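Student: Residues per chain are reported as follows:
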Amino acid sequence: MNSDGKKIVAYGGILVLALAAPWMMTAYRTQLAFLWVMVLFALTWDLVGGQMGYASFGNIVFFGVGMYSTAVIQRNLHYGLEEYAHVAGRVESLSAAEYLTGLSLGMTVGAVAAVVIAAILGVCILAMGMRGPYFGICTLGLGVAAGELASGWEYVGAGSGLVTPVFPEGLGERAIFFYYIFFFLTIVTFFTLRRLYSGRFGLAINAIRDDEDKAEAMGIRTTRYKITAWCVSAFFLSLTGGAAGHLIGFIDPTEVAFAGPTFGVWMILMAILGGKGTLWGPVIGAVIFHVTQEVFWTYLFGWQRVALGAFIVAIVVFFPQGLMGWAQERWPERFGHRVEGTALAQTAGGEGA
Amino acid sequence: MDNLQILFVAPVFSLQLLIDGILIGAVFALAAYGMALVWGVMKIINFAQGEFVILGGFLLYALKEAGLHPFLGVPVATAALFVIGWVIYRIAVVRVVEKDLFISILATFGIAILLQQLMNQIFGADVQTVESGLGTWFLLDGQVTVLQIKVVSFFIAMVLGVILALFLKMTRLGQAIRATAQHFRAAQILGVDTDRVYAITFALNAAICGAAGALVSMIWVIQPFMGLAYTIRSFMIVIVAGLGNVIGVALAGLGLGAAENFAGFILGAEFQAAFIFSLLVVILLWRNFRLSLKRQYLE
Chain A
1 MNSDGKKIVA
11 YGGILVLALA
21 APWMMTAYRT
31 QLAFLWVMVL
41 FALTWDLVGG
51 QMGYASFGNI
61 VFFGVGMYST
71 AVIQRNLHYG
81 LEEYAHVAGR
91 VESLSAAEYL
101 TGLSLGMTVG
111 AVAAVVIAAI
121 LGVCILAMGM
131 RGPYFGICTL
141 GLGVAAGELA
151 SGWEYVGAGS
161 GLVTPVFPEG
171 LGERAIFFYY
181 IFFFLTIVTF
191 FTLRRLYSGR
201 FGLAINAIRD
211 DEDKAEAMGI
221 RTTRYKITAW
231 CVSAFFLSLT
241 GGAAGHLIGF
251 IDPTEVAFAG
261 PTFGVWMILM
271 AILGGKGTLW
281 GPVIGAVIFH
291 VTQEVFWTYL
301 FGWQRVALGA
311 FIVAIVVFFP
321 QGLMGWAQER
331 WPERFGHRVE
341 GTALAQTAGG
351 EGA
Chain B
354 MDNLQILFVA
364 PVFSLQLLID
374 GILIGAVFAL
384 AAYGMALVWG
394 VMKIINFAQG
404 EFVILGGFLL
414 YALKEAGLHP
424 FLGVPVATAA
434 LFVIGWVIYR
444 IAVVRVVEKD
454 LFISILATFG
464 IAILLQQLMN
474 QIFGADVQTV
484 ESGLGTWFLL
494 DGQVTVLQIK
504 VVSFFIAMVL
514 GVILALFLKM
524 TRLGQAIRAT
534 AQHFRAAQIL
544 GVDTDRVYAI
554 TFALNAAICG
564 AAGALVSMIW
574 VIQPFMGLAY
584 TIRSFMIVIV
594 AGLGNVIGVA
604 LAGLGLGAAE
614 NFAGFILGAE
624 FQAAFIFSLL
634 VVILLWRNFR
644 LSLKRQYLE
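Going down the list, the sequences are from chains A and B.
Using my numbering, count along the first sequence one by one with no gaps and you end on 353.
Using my numbering, count along the second sequence one by one with no gaps and you end on 652.
Think of the hints as simulated: they come from the structure by calculation, not from any bench.
Here the structure is a predicted model, which means the values were calculated and not measured.
Honestly, I wouldn't trust all of these hints.
[As the list claims (entries may be wrong)] For lysine to aspartate or glutamate, the following EDC-like pairs were computed, each having C-alpha atoms within a straight-line distance of at most 20 Å:
# : chain 1 : residue 1 : chain 2 : residue 2
1 : B       : LYS647    : A       : ASP210
2 : B       : LYS452    : A       : ASP210
3 : B       : LYS647    : A       : GLU212
4 : B       : LYS647    : A       : ASP213
5 : B       : LYS452    : A       : GLU329
In isolation and in its complexed conformation, chain B is listed as follows (with noise of 0.2 Å):
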C-alpha cells in the first residue's frame, strides 16, 4: 500500500501507469472480441482462448529464434493458429458445439490443459520474451517512457479489430456468420453452411489470439501456464460489454488494462493475479445483482 503514496507524491507517476496499461489493454480488448465471436455465434464459452493466446506468443518466439523479424513472425503466427484452431474445431469443438455451455467448458477447458502442457513440453516451462527491436520514447522530460513496442502493439491491435468487424459487416462470409449468429436454424433453412462457418470462425478466433499472443510476447513476457488469465480477461470484458458490442469491448479492454496496471502497482505485483481473479468475481456478483433487479435470468 505505500506505493499508493507515490502516487499522490509523482501525479505523473498515474499518467505512466494509465498510459502503459492502455496500450496493453488493446491487446485483450482482441482477444475479447474472439471470445464474444465465438459466445455469439457457436454459442459456446471458449475456455482455450488463453492457450491460443499464449501459443501464439511462442510461435513468434520460436520464428525469432529462427531468424525471422517478429513484425514478419506476426502474420506468420496468427496463419498458424487460423490452422490449428480449424483443426481443433475438426477434432473436438464439432463434438460439443450441439451440447450444453457446461459440457463445452469443460471440453475447452481440457482442450486448454493439453495445450498448456504441451507447450510445457516443447517450449519449457520458463519465462521468455521476444525482443522487438524498438526503442522508447521519453516524454515530459523524460518522466513518463512510453515502449515503442506498446504503441505498435496497439495500433495494430485496432486495425486487426477494424478489420474484423468490417470483415463481418461487408463480405458474404461475414454475413454467413452474423446470420447463423442471429438465427442458427433460419440460417441454415437459408442454405448457411452452419458447419463451415463454425470451423471458420473458431479458426477466426484461434487467429485473433494469434496476432494477440504475438504481440503479448513482444510488449510482456509469456509462459505456458500463464493462459488462463486472459481466458478470464476476455470474458471479464464480454460480460461487461455484452455480446455483439465492439466498442464496448474496446473500452472494457482499455479501461481493464488500466485498472490491473493500477492495482498491480498499488497492491503489488503477487497480487496482481489475485486482482484479476477477484475482479471476476466481483463483476459476475454485479451482474446478478444488476438481473436480480430486473427479476429476470439470461440462460
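Just chain A, with the same shape it has in the complex (with noise of 0.2 Å):
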C-alpha cells in the first residue's frame, strides 16, 4: 500500500472512531466532547506559539470573549436584559430554532469580534515588535486583566457569572449535539491549519520562528503574517468558547471563560507535550493530556489538582520537546529530515580509509 492509501486509511479509521465514540460510550459524552475542546485549545495555540515561536500565555482572552458574545446575543435576542437576570436564566425554555439561530448568530459575531480584538492587540503589541518573554508575560497580564474585567463588568453578570440559555432537549442530547460541534469544528480547524502550513504562510511563520530579523531581511512582511496568525488562531479559539460556554451552560468570568491558570496553561502544556511546531504534535498531546486529567478526577479525587500540577512540571522539566520532537528525533528520516548521522559517519570512514 502507498502512502496516501496508508493515509486514507488512517483518517477513515479516526473519523469512524471519533462518530462511534458518543454512542460506544455513552457515559462519558461530555467528556468526549471536552477532548475535543482541549484539540482546539493546542491547534490554535500552536499555531502562534508552536509555528510561529510566540509563545502566548493569554489566547484564553480570545476563548473568553467567544463566550461571553455568544451569551449575551443569545440572552438579548431572547430574553429582556432585567427579566434574565432576575431569574439567573431560568426563564421559560426556548424552542430549537430559537436556541440555535441565537448560537449560530452570537458564535459568528463572537468570532468577528476576535478577530477585531486580535487584529488591534496585534497592532499595539505584535506590530511595536513585542517579543519573546516579554510577549509572553504581557499576554498573560491581558488574559488575567480581561477576567478580572469581566468579573466587575455587571452588564455580563459581573462575579456571579452568566447561565447559558437551556438547551431545547435534554442534557444526553446537549452533549451529543455539542459533541458533533466540537468534531466538526476540529476538523475544519485541523485542515484550515494543514492547508495553511504547506503553504507561503507556513514557510514565513516558520521563518519568523527561526530568525525573525533574516526573516524580515529576506523580504518577508514578518508584520502582516504575524497579525494574520494572530487573528486566525482567535477565531477558531473564539468559535470554540462560543460552543464551550453553552455546553458547561455557566459562565463564570474567571473559572471558566478566562480561566488563565487552568485552560490558558493547559492549552500550552499540550502542545509541548505532543510537539509543538507540529501539525499532529498538539492532537496527540491534548488526547494524552485530557485523559490523564480524567484518569487523575477519577481515581485521585482530592488530590487530582495536584497531581495535575505534578504533571504539569514533570511535562515541561523532562519532557520539553515533546512526543513529536521526540519521534523526529529517533526516526528523522520518516519525517522526511535529511539524516546527518550518517553522512557523518561516512566522510569519517573515509578519512579513515
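Hey, can you piece these two chains together into the complex? The hints should help.
Tutor: Now the structure itself:
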C-alpha cells in the first residue's frame, strides 16, 4: 500500500472512531466533547506559539470573548436584560429553532469580535516588535486582566457569571449535539491549519520563528504574517469558546471564560507534550493530557489538581521536546529530514580509510 | 468613581492611602528584589515567586496556630522557605536553568500551580490573616490611622533588603554570585561552583519571598490563589527599575504600593486586580515603545 493509501486509511479510521465514540461510551459524552475542545485549544495555540514561536500565555482571551459574546447575544435576542438577570437564565426554555439561531448568530458575532480584538492587539503588541518572554508575560497580563474586568462588569453578570440558555432537549442530547459541533470544528481547524502550514504562510511563520530579523531582511512582511496568524488563532478559539459556554452551561468570568491558570496554561502544555511546531503534536498531546486529567479526576479525587500540577511540571522539566520532537529525533528519516548522522559517519569512515 | 470626590473633599484621606501604600510597597519591593536576583544570576524569570510569598504567609499562619509568637515565626518561615527553594531547585529548576526563557517560565509556572494546589489542599481555600497583636497609631487627631504592624514590617523588609545587598557586596559567596551573574563561563573558569551558586541564589530568593509572605500575612490577607498577583508585581517592579538596581527596586516597589492603593480606592476593590494586570500590559507596551525608539531589542 502506498503512503497516500495509508493516510486515507488512517484518517478514515479516526473519522469512524470519532463518529462512533459517543455511542460506544455513552457515560462519557461530555468528557468526549471536551476532548475536542482540548484539541482545539492546543491546535490554535500551536499556530502562534509553536509554528510562529510567539509563546502566548493569554490566548484564553479569545476563548472568553467568544463565550461571552455568544451568551450575551442569545440573551439579548430572546429575553429582556432585566428579566434574564432576575431569574439567572431559568426563564421558559427556547424552541430548538430559536436556540440554534441565537447560537449561530452569537458564535459568528463572537468570532468577528475576537478577530477585531486580535487585530487591535496585534497592532499594539506584535507590530511594535514585542518578543520573547515579554510578549508571553504581556499576553498573560491581558488574559488575567480580561477575566478581572469581566468579573467587575455588571452587564455580563459580573462576578456571579452568566447562565447560558437551557438546551431545548435533554442533557444527554446536549452533550451529543456539542460533541459533533466540536468534532466538526476540529476537522475544519485541522485542515485549515494543514493547508496554511503547507504553503507560503507556513514557511513565512516558520521563518519568523527561526529568525525574525533575517526573515524580515529576506523581504517577508513579518508584521502582516504575525497579525494574520494571531487572528486565525483567535477566530477558531472564539468559535470554540462560543460553543463551550453552552456545553458547560454556566460562564464564570475567571474559572471558565478567562481561565488563565487552567485552560490558558493547559493549551500550552498540551502543545508541548505532543510536540510544538508540528501539525499532529498538539492533537496527540491534547488527547493524552485530557485522558490523564480525567484519570486523575476519577482515581485521585481530592488530590487531582495537585497531581495535575506535578504532571505539568514533569512535562515541562523532563519532556520539553514533546512526543513528536522525540519521534523526530528517534526516526528523522520518517519525517523527511536529511539524516546527517550517516553522512558524518561516511566521511569519518572515508577519512579513516 | 465617586470615591475620587472624597479625595478632593478630604485631602487628608490621600495621606492615609499614601502611607498605607508605601508601607505595603516595601514588601512588594522585597519580593521583587528576590526576582531580580534570580533573573540576573540564573537568567530565569521565576513565576513561582508569588507562591513562595503566599507559602511563607501560610507557614507563619501554621506556626501561629501551633502557638509560636508571630515575630519568632518570621525567621522560621524564612528558613523553611530557604530549604524548600533549595529542594525545588535540585528537583526541577536545575533541569531548565540552561534552557530558553520560555521553558523556564513555563516550568516555574507549573511549580506555581503545584504549590497553589498543595496549599489549597493543606491549608484550605479560605482567606487567612495572622493577628500580630500590635496596636494602632492615630495621627492628626485620629484622621490618619497607621497600623503599627505595617510600620514594623516596613522596617523588617528594608533591613532584610539592606542585609542582602551587603551580603552580595561583602562576602565571598556574594562575590561568587555576582561573578556568576556577570559572566557564567568566566566565573566557572575561575573556579566558582556555579551549580552551588544557582542553588543558593534560588534558595535565597525563596527565603526572601518567605519573609515577605510572613509580613504580608500579618499586614494583609493570604489565600492559596493570590500568588500570581505578587509574581506580576515583582515582575513589573523589576522591569521598571532594571536588573541590579537596588535603589530603583525599592522606589518602584513603594510607588507601586501607593499607586495600587489609590487605584483600589478610586476604582473600587473589585477592580484592584484588574488594575495590576492592566498596569503590567501598559508598562510592557511603554518599555517596548522606548526600545523601539532606540531601535534595539533585548533578547
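Student: Below or equal to 20 Å on CA atoms is what counts here, so check LYS452 of chain B against GLU329 of chain A.
Tutor: With a Cα-Cα distance of about 18 Å, the restraint between LYS452 of chain B and GLU329 of chain A holds, given a limit of 20 Å.
Student: Could you grab the alpha-carbon distance between LYS647 of chain B and ASP210 of chain A and see if it respects the 20 Å cut-off?
Tutor: violated, 24 Å
Student: Could you grab the alpha-carbon distance between LYS647 of chain B and ASP213 of chain A and see if it respects the 20 Å cut-off?
Tutor: Holds - the C-alpha atoms of ASP213 of chain A and LYS647 of chain B are around 16 Å apart, at most 20 Å.
Student: Decide if the proposed pair is consistent with the structure: LYS452 of chain B and ASP210 of chain A, CA atoms, cutoff 20 Å inclusive.
Tutor: holds, 16 Å
Student: Against the 20 Å threshold, does the CA-CA distance of LYS647 of chain B and GLU212 of chain A hold or violate the hint?
Tutor: Roughly 18 Å between the alpha carbons, so the hint for LYS647 of chain B and GLU212 of chain A holds.
Of the numbered hints listed earlier, the single one contradicted by the structure is hint 1.
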